[in-house]
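A.B. asks: Below, each chain spelled out in residue letters.
Protein chains: 2
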Amino acid sequence: MKLIAVYLQQILKRFMSKLVIVGTVAFDAIETPFGKTDKILGGAATFIGLAASHFNVDAAAVSVVGGDFPQDYLDLLSNKNINIDGVEIVKDGKTFFWSGRYHNDMNSRDTLATELNVLADFNPVVPDAYKDSEVVMLGNLHPMVQMSVLEQMTSKPKLVILDTMNFWMDCALEDLHNVIKKIDVITINDEEARQLTGEYSLVVAARKIHEMGPKYVVIKKGEHGALLFHDDHMFYAPALPLEEVFDPTGAGDTFAGGFAGYLAKTEDYSFENMKNAVIYGSTLASFCVEKFGTERMVNLENSEVHKRMQQFKQLTQFNIELS
Amino acid sequence: MKLIAVYLQQILKRFMSKLVIVGTVAFDAIETPFGKTDKILGGAATFIGLAASHFNVDAAAVSVVGGDFPQDYLDLLSNKNINIDGVEIVKDGKTFFWSGRYHNDMNSRDTLATELNVLADFNPVVPDAYKDSEVVMLGNLHPMVQMSVLEQMTSKPKLVILDTMNFWMDCALEDLHNVIKKIDVITINDEEARQLTGEYSLVVAARKIHEMGPKYVVIKKGEHGALLFHDDHMFYAPALPLEEVFDPTGAGDTFAGGFAGYLAKTEDYSFENMKNAVIYGSTLASFCVEKFGTERMVNLENSEVHKRMQQFKQLTQFNIELS
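Chains as they are written, first to last, in my numbering: chain A, 258 to 580; chain B, 258 to 580.
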């Protein structure tokens, strides 16, 4: 029976869009005002993959872990239909580890530890079967690693999305500019958009980033939602106001994963459909912050996503007749 | 001809909802990174009235000014169809004066001067013709002044809206609680909501304010928009992302004036219609910040408001079919 299921899955995949995700698969240790964790599953590719798994796409993660990485975590990704052929296991290496402590407002944090370990020498290898993926999601990593993934694609992707952070602006700005030139969508937070452009106004910052290459700019504002820019068009999705943000770790990656997954599934890369992708990204991110690390995302049902999408509609939609 | 016009105006007013506005009519002197002003027209009732003048309502301002207040400014309000019978003129007194300097981010400011002058002994008098107003807008003032206006109403208003600030929480908290008990809607900014309740989460803060009396709670988040709460329902209106915020003075009052004016005009005080009122408030506030003080609001055409409302629709509306 299991063989038949696997075989049917293989056939089904032929009809799905492919989404290749490069990013970290990692250990996180997190402290928030609500408590702290030991080393738990984390990493950009993990959160992106878990979010994208809610859409009917053939997703593959490209990453690296050490010999200390539990098989259970790899199985968890596989069971969510995330292909892990591109996740290299360096037997005698240690997995990337990040540790941080959030302040009371949950909007700022201190990094307590960053151990690159196997990430220091990471050479991403895109599996042959995914070199013709329709959508490429370049999770937050050194821009040269992101570029390497792009260069391995044998056919031009329909959409390339890049996520990055201030760290690469500080230490690899030229490389970052080189890869930004080659992408369609950038997702970046508000402070990073300001740093990258030297502009305080997000409208002006988005225009300057647009001039660097990406036709679409998504500025993530944490609890204040996300803005999508394209030419003179703007779209604003709020974050769902929550009683409690338990742990913001991975929320930005989850947003990107929902955004990429929805677009890959629908194969409609128009601005109008990107609005929907932003809403799906925001919806998934609103779950991510409810528990530590990936805990909420691992156990998230599609029916819950559907219900929260309806809440998002009620939160944002109004009915004024304008002649 | 002029007499006929005045007479027709009188007849027309019989079919309009009445809106009574209490608040300051004042001089402001403002410094921003873009420049500075001498003493110009300001005050909560001024901004609220100018915003409300875009709706077909019979609005009256209740306030006080000194003998130094230019007739031109009073005429300006009258010409916008704001009744000023309730604006007391203290001939030998000086008008309330506020001066402030905004920081580069435009989200914070230093108060340079606050001269209460005639405001120190202000006893508001609601004109008889407005004691049966459908909507009462209590602009930011001492809560006892706000209470006094409520007590003068001879018939119970359909809707009482109150705006306040942290200053009254610091020095007149008990009076503030007393008036909050008697109102339907409170408009308050995010930091003030946190101060009033001791809660960081705005969802929890709104619930606690709800328990203090108001059935509807509007939390203003400046450039991040506004949230409307009612029981378990939430609505989120973004602020229009702008290339440049020139001067934020009066934006919150303009929001409140648009909110109150729209509700008075439509006479529909449901949650669904309040969503529309929040959008109108946000739209009008987006104009207010484009120039110093009241300058933009004084010259704002209805056609411009209509056009920006359409931008707001595009900014926030999406089209996902959810079964």
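Note that these hints are calculated values from the structure, not bench results. Treat the hints with caution; some may be incorrect.
For chains that are exact copies, the list does not tell them apart, and a pair is met inside one copy or across any two.
[Claimed, not checked] DSBU-like mimics (lysine-lysine), calculated; alpha carbons at most 30 Å apart, straight line: (1) 438 with 522; (2) 478 with 388; (3) 570 with 522; (4) 439 with 259; (5) 293 with 465; (6) 413 with 348; (7) 478 with 564.
A.B. asks: Taking the hints in turn, state whether each one holds.
C.D. replies: Each hint tested on the structure:
no. : hint         : in the structure
1   : 438 with 522 : within (25 Å within a copy, 51 Å between copies)
2   : 478 with 388 : neither (33 Å within a copy, 45 Å between copies)
3   : 570 with 522 : both (21 Å within a copy, 26 Å between copies)
4   : 439 with 259 : neither (42 Å within a copy, 66 Å between copies)
5   : 293 with 465 : between (40 Å within a copy, 28 Å between copies)
6   : 413 with 348 : neither (33 Å within a copy, 77 Å between copies)
7   : 478 with 564 : both (23 Å within a copy, 27 Å between copies)
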